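Asks: Throughout the sequence shown, residue numbering follows the working numbering, covering 1 to 156 in sequence.
Hint data in this document are derived by calculation from the structure and do not stem from the laboratory.
Any given hint could be a false lead.
Said to hold, decoys possible - Straight-line Cα separation of at most 20 Å, DMTMM-like style, residue types lysine to aspartate or glutamate; simulated pairs:
1. Lys75 / Glu118
2. Lys109 / Glu140
3. Lys75 / Asp101
4. Lys9 / Glu118
5. Lys75 / Asp16
6. Lys109 / Glu31
7. Lys75 / Glu98
Note that the coordinates shown come from a computational prediction; the quantities given were computed from them, not determined experimentally.
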Amino acid sequence: MATGEEMTKVVLFDLDHETYGVPVEQVLSIEPFQTVTRVPHAADFVSGVMNLRGAIIPVIDIRRRLNMGHAAVTKESRVIVVEEGDVQAGLLVDMAREVADIPAGGIEKTPDIVGGPEARFISGVAKISQDRLLVLLNLEQVLNDREIEDLKNIER
1 MATGEEMTKV
11 VLFDLDHETY
21 GVPVEQVLSI
31 EPFQTVTRVP
41 HAADFVSGVM
51 NLRGAIIPVI
61 DIRRRLNMGH
71 AAVTKESRVI
81 VVEEGDVQAG
91 LLVDMAREVA
101 DIPAGGIEKT
111 PDIVGGPEAR
121 FISGVAKISQ
131 DRLLVLLNLE
141 QVLNDREIED
151 LKNIER
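Taking the hints into account, I'd like the entire structure generated from these sequences.
Replies: So this is what it looks like as structure tokens:
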């Protein structure tokens, strides 16, 4: 690694034994999973809302959002509270890992072979070790347009 190379700090987490990440500057906190209250007529990827220190936060089942199905909540499950624009939401993940420094030049664009509507949720891929890749989520797309409006309504 070259001295002075720009690094991107990323919070790493697991989904179905694969490593994903979001930029650390968009992460407000990492919380143990707590009971959520279902919201009628919310999108199927919205697990519900939770009370986080007096604030009502919508919780997104990121597995469902990425069309990966649903997994049981375990003692390792975490809610990563993120902020995109003026929306705060919790991302339900299998396990939170660590904060990693990724060389900015080491982040590659999403391969063209990754298709389907879920491809827009991925901003890039990076190598974090000899045998481990990291999929970077694009929170702007994960929480986009209509969904952001829905989440704003849940917060009220």
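Asks: State for each hint whether it applies.
Replies: Hints, one by one, checked against the model:
no. : hint            : verdict
1   : Lys75 / Glu118  : violated, 28 Å
2   : Lys109 / Glu140 : holds, 16 Å
3   : Lys75 / Asp101  : violated, 27 Å
4   : Lys9 / Glu118   : violated, 24 Å
5   : Lys75 / Asp16   : holds, 15 Å
6   : Lys109 / Glu31  : violated, 30 Å
7   : Lys75 / Glu98   : holds, 17 Å
Checked against the numbered hints given earlier, the structure breaks hints 1, 3, 4, 6 and satisfies all the rest.
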